[in-house]
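Under our numbering, the residues of the sequence shown are numbered 1 to 135, in order.
To be clear, the hints were calculated from the coordinates, so they are not data collected in a lab. These figures come from a predicted structure and were not determined experimentally. Hints may be right or wrong, so weigh each one.
Stated by the list, open to error - No more than 20 Å apart at the CA atoms, straight line, and that leaves these computed lysine to aspartate or glutamate pairs for EDC-like: (1) Lys89 / Asp34; (2) Lys7 / Glu100; (3) Lys103 / Glu6; (4) Lys25 / Asp50; (5) Lys103 / Glu82; (6) Lys7 / Asp114; (7) Lys89 / Asp79; (8) Lys7 / Asp95; (9) Lys35 / Glu82; (10) Lys7 / Asp53; (11) Lys25 / Asp95; (12) Lys25 / Asp41; (13) Lys89 / Asp99; (14) Lys35 / Asp114; (15) Lys25 / Asp53; (16) Lys129 / Asp114; (17) Lys7 / Asp99; (18) Lys129 / Asp99; (19) Lys25 / Glu51; (20) Lys35 / Asp79.
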Amino acid sequence: MRLFIEKGCSSCHNGVNVGGGMYAKFGVQSPPGDKILPPADLGRFAVTKDEADRYSFRVPALRNVALTAPYFHSGQVWDLNEAISVMGKAQLGVDLTADETAKIAAFLTALTGDTPRVTLPALPPSNAKTTRPQY
Numbered sequence: 001m002r003l004f005i006e007k008g009c010s011s012c013h014n015g016v017n018v019g020g021g022m023y024a025k026f027g028v029q030s031p032p033g034d035k036i037l038p039p040a041d042l043g044r045f046a047v048t049k050d051e052a053d054r055y056s057f058r059v060p061a062l063r064n065v066a067l068t069a070p071y072f073h074s075g076q077v078w079d080l081n082e083a084i085s086v087m088g089k090a091q092l093g094v095d096l097t098a099d100e101t102a103k104i105a106a107f108l109t110a111l112t113g114d115t116p117r118v119t120l121p122a123l124p125p126s127n128a129k130t131t132r133p134q135y
């Protein structure tokens, strides 16, 4: 965790879910390459048309990240260590050593836990007498 914070990962991946609360440009320091960031995938810009959102994506929550491969919005990276290396270079501008990558991966793996069970309410059945929505 100390290394995760010291390297700067926590500047985007923070809060109770270790991320998920903001959008950020992917490739701040170095573009990750067309395989991981296809040039036609403009991210949030496709919705907002705001130039500041070009190549911006939601910063994912890292809870249970060791269980959620493939990584990145393009789904092209299947190894957590590779994903960490890509993020170090693309977002932080650092080449993480194999030891640093392994330590950060160990921390992220420690974020694995039981997925909360969500019980959805059962709605009453509809029939011919059900009130219709007004449009």
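Verification of the supplied hints:
As the CA atoms of Lys89 and Asp34 are separated by approximately 15 Å, the hinted pair is consistent with the 20 Å bound. The straight-line distance between the Cα atoms of Lys7 and Glu100 is roughly 10 Å, inside the 20 Å bound, and the hint therefore holds. Of the supplied pair hints, the one linking Lys103 and Glu6 holds, its CA atoms being roughly 12 Å apart against a limit of 20 Å. Proposed proximity of Lys25 and Asp50 is supported: the alpha carbons are some 13 Å apart, at most 20 Å.
Our distance criterion of 20 Å between C-alpha atoms is met by Lys103 and Glu82, whose separation comes to about 13 Å. Straight-line distance between C-alpha atoms of Lys7 and Asp114 comes to about 28 Å, which puts the hinted pair past the 20 Å bound. Note on Lys89 and Asp79: the hinted pairing holds, with a Cα-Cα distance of about 16 Å set against a maximum of 20 Å. Of the pairs offered as hints, the one joining Lys7 and Asp95 holds, with about 11 Å between alpha carbons and a cut-off of 20 Å not exceeded.
Taking the CA atoms of Lys35 and Glu82, the gap is near 13 Å; set against the 20 Å cutoff, the hint holds. About 25 Å separates the Cα atoms of Lys7 and Asp53, which puts this hinted pair outside 20 Å; it is violated. Restraint check for Lys25 and Asp95: satisfied, since their Cα atoms lie roughly 19 Å apart, inside the 20 Å limit. At most 20 Å may separate the alpha-carbon atoms for a hinted pair to count; Lys25 and Asp41 meet this at roughly 12 Å.
Distance check on the hinted pair: Lys89 and Asp99 sit about 15 Å apart at the alpha-carbon level, within 20 Å; holds. About 32 Å separates the Cα atoms of Lys35 and Asp114, which puts this hinted pair outside 20 Å; it is violated. Distance hint between Lys25 and Asp53 is fulfilled; the C-alpha atoms sit about 7 Å from each other, no more than 20 Å. Note on Lys129 and Asp114: the hinted pairing is violated, with a Cα-Cα distance of about 42 Å set against a maximum of 20 Å.
With a C-alpha separation of about 13 Å, the suggested pairing of Lys7 with Asp99 holds against the 20 Å cut-off. The suggested pairing of Lys129 with Asp99 is violated, with an alpha-carbon distance near 66 Å, which exceeds 20 Å. For the hint linking Lys25 to Glu51, the alpha-carbon distance of about 11 Å falls within 20 Å, and the restraint holds. This hinted pair checks out: Lys35 and Asp79 have alpha carbons roughly 15 Å apart, not beyond 20 Å.
Against the hints set out earlier in the document, violations occur for numbers 6, 10, 14, 16, 18.
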